[in-house]
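Asks: Here is how the chains run, residue by residue.
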Amino acid sequence: MKRMFLIAFVLGLAFSANQLPAQNKKILETKMILIKGGYYTPLYKKKGGSKSECIKPFYFDVHAVTNEQFLKFVKANPEWRRSKVSRIFADRNYLKDWRDDLIPGDKVNPLSPVVNVSWFAANAYCKWVGKRLPTVAEWELVSSGNFLTGSKSVINTNDKLIKWYSRGLPDQVNSIMSTGRNKYGVYDMFGLIREWTYDFSNMNINGVAICGAGSSGATDLTNYPAFLRYGFRSSLKASSTLPNLGFRCARDFN
Amino acid sequence: MKKVMNLQSFSIIILLSISAFIFVVIAQGCEDNNKTQGYEYAKLTHAPEVPDPILRSHPTKVIVNLTAEQVVGRLADGVQYPFWTFGGRVPGKFIRVKEGDLVEFHLHNSPTSTMPHSIDLHAVLGPGGGALASETLPGHTSVFSFRTMHAGLYVYHCATQPVPLHIANGMYGLILVEPKDGLPPADKEFYVMQSEFYTAGNYGNSGLQQFSMQKALDENPTYVVFNGSVGSLTGNNALRAKVGEKVRLYVGNIGPNKISSFHIIGEIFDKVYAYGGKLVTQKNVQTVLIPAGGAAIVEFTVKVAGTFLLVDHSIFRAFNKGALGMLKVSGEKNTDIFSGKQADELFTGSQQEANSGPIDEDNSISQNEIKTPEFDENNIQSIIEKGHEVFSRTCIACHQVNAQGLPGIFPPLAGSDFLNADKERAIGIVLQGKKGPVTVNGKSFNNIMPPQNLSDQEIAAVLTYVYNSFGNSKKVVKPEEVAKVRNK
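Protein chains in written order, with this note's numbering: chain F, 12 to 265; chain G, 1375 to 1862.
FYI, nobody ran anything at the bench for these hints, they're computed from the structure.
In the BS3-like style, the derived pairs of lysine-lysine whose C-alpha atoms are separated by at most 30 Å in a straight line are:
{"#": "1", "chain 1": "F", "residue 1": "Lys174", "chain 2": "G", "residue 2": "Lys1695"}
{"#": "2", "chain 1": "G", "residue 1": "Lys1417", "chain 2": "G", "residue 2": "Lys1652"}
{"#": "3", "chain 1": "G", "residue 1": "Lys1797", "chain 2": "G", "residue 2": "Lys1858"}
{"#": "4", "chain 1": "F", "residue 1": "Lys171", "chain 2": "G", "residue 2": "Lys1589"}
{"#": "5", "chain 1": "F", "residue 1": "Lys174", "chain 2": "G", "residue 2": "Lys1589"}
{"#": "6", "chain 1": "G", "residue 1": "Lys1589", "chain 2": "F", "residue 2": "Lys194"}
{"#": "7", "chain 1": "G", "residue 1": "Lys1695", "chain 2": "F", "residue 2": "Lys171"}
{"#": "8", "chain 1": "G", "residue 1": "Lys1707", "chain 2": "G", "residue 2": "Lys1657"}
{"#": "9", "chain 1": "F", "residue 1": "Lys62", "chain 2": "G", "residue 2": "Lys1589"}
Residues on chain G that point at chain F, a partial pick, calculated with CB under 8 Å:
{"#": "10", "residue": "Gln1444"}
{"#": "11", "residue": "Thr1488"}
{"#": "12", "residue": "Glu1509"}
{"#": "13", "residue": "Pro1512"}
{"#": "14", "residue": "Phe1585"}
{"#": "15", "residue": "Met1587"}
Everything numeric in this text was worked out from a predicted model, so none of it was measured.
Yeah, the Cβ is synthetic: ideal placement off N, Cα and C, and Gly gets one too.
Start from the sequences and build out the full structure, keeping to the hints where you can.
Replies: So, in structure tokens, the structure goes:
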């Protein structure tokens, strides 16, 4: 209850500051799920750290931020409009599928995850709605809810994920909540888009992420989907935008 | 005083100018073949083509443009695979540069890619072979430069995490660094690259296949292929050369797991540059071992016409997994080097002893002295002689020496009502084989005859021979008639 009040308060501040009509509030509120936290085994353990990391409880958006939601954000924050955004904060493909600054256009599904957004933009959005980007550890912990247990099932799940990762770009990204929910009750961890994380740029351990060296120090050598995400994140810059990269937000429990 | 100073400085300037002029003249007077001069764009080729040899004698800046693309393509007939490629096909495009060149590499990643890609060239001296320097997001281009310090044939591959998956999906190719003085001329040069594919479905399972993690971990490939697919070098795609030509193959093997035992059935490699290095390391080699992530250059002069099979001599891969290619050589048969089958005689076990004594030198006839008469396609006698030759090597194993067949097993061709009734049917059976029950001269047979791999001319000749022998109906079969049935 206290939490709800806090959100309302923060959002209220944001709205009043930008004179946003009240009916937009509903669109902006993405349902969050409390993830109890637990032990997460990173693909690469931190220097001197233990193999597993303890993750504190946190709230996690059930779905990714949509075009409709992001439109409200750029309306309220002119500096994040396509024509206004600084090249330092987003490369030239920022929101490139949108027809205009404030008109996504007929080809863009309002209920699809917004893509072609930079880390800076995603970070600013989450702040604006009183949240933050999830960490890699949090994101990976939630994504483990998509895995069945048992080594055989893990291989099968890996094959399915690699199949999705290998597939070409779709003409249009499907709507949110179209790929089913995992055991945490969270939608679309796989099958729609890749997602920004807060600490994506810390991925490159020792600056050596190449070839055989990439497997030295890794905790699970057969988790190729995790390596794929690792490779993907480590080649991003905070200003990068890609047609299959969006985000969702998280928030501390306390 | 001031004037003197000026005079002095003036003469110094004159002196400097003259020496500089002399220096320039000397520098221009002798061409420095070690200096990097000018620039050019590398012309890359898809397998099995190889870019033309480099004729310039000085190093230059070579600009290479290569694009990482994810495409769905053919792995075998009816089988598709979501390939990750350098240049849109597997293997990646062939790059040819020269020792001492400065290569300015532009790696593009297609805007339609779903992930970053990079390149590790084994020709590069530097961390990761360029991997980190070339890590490229979709819709981006990375540029890095390297000097080609060592001549040789080198593998390149993607080095983005997880590297084994990027390789298993098709991201590899070859870069040739020619030695300073170039390679000796060859009449034909080809690019052949061996690799494995690990698919969820079994070999030949149709439709769009997916990567199988378990098979890759078990190092149990579903496909082992040359140039990215089953049949990429067979039939109409076969490599071609003429008798007398010197053929050079640039052969790479990426694995990702297996070592190749590269062999060409019916050929001997005159020269082998083992491991793709600079030196000819061995002559007269039958099979070359090519490690995963390695290469070899092999050279041979084709002496005999016919079809020669490229295989990985780990032979189940050639027979069951696709590691098979063809080199079709046109020209003279050259019976002096290879006769073809000369006889197929009954062997009872006692002849061996009978013939094992010393040969009487005076009575022995060297193979070289047997004169093969010239074939004349308009001379019926010549056709029948050729037919007899084809019959002797192809038909008599089953239909027997006098075409009498074997009772209950193989039907007779001698005085055969079935044969004489329908010429076109007979042509069809030689071409396509025959399976199942058939009645000949009132007796029934039920067996299999395989299709015969013979030319139109050979089939026309052998049928004409059979029709004009053994009490048959004396029909004549023309090559055009065979072609007609073949093309039906």
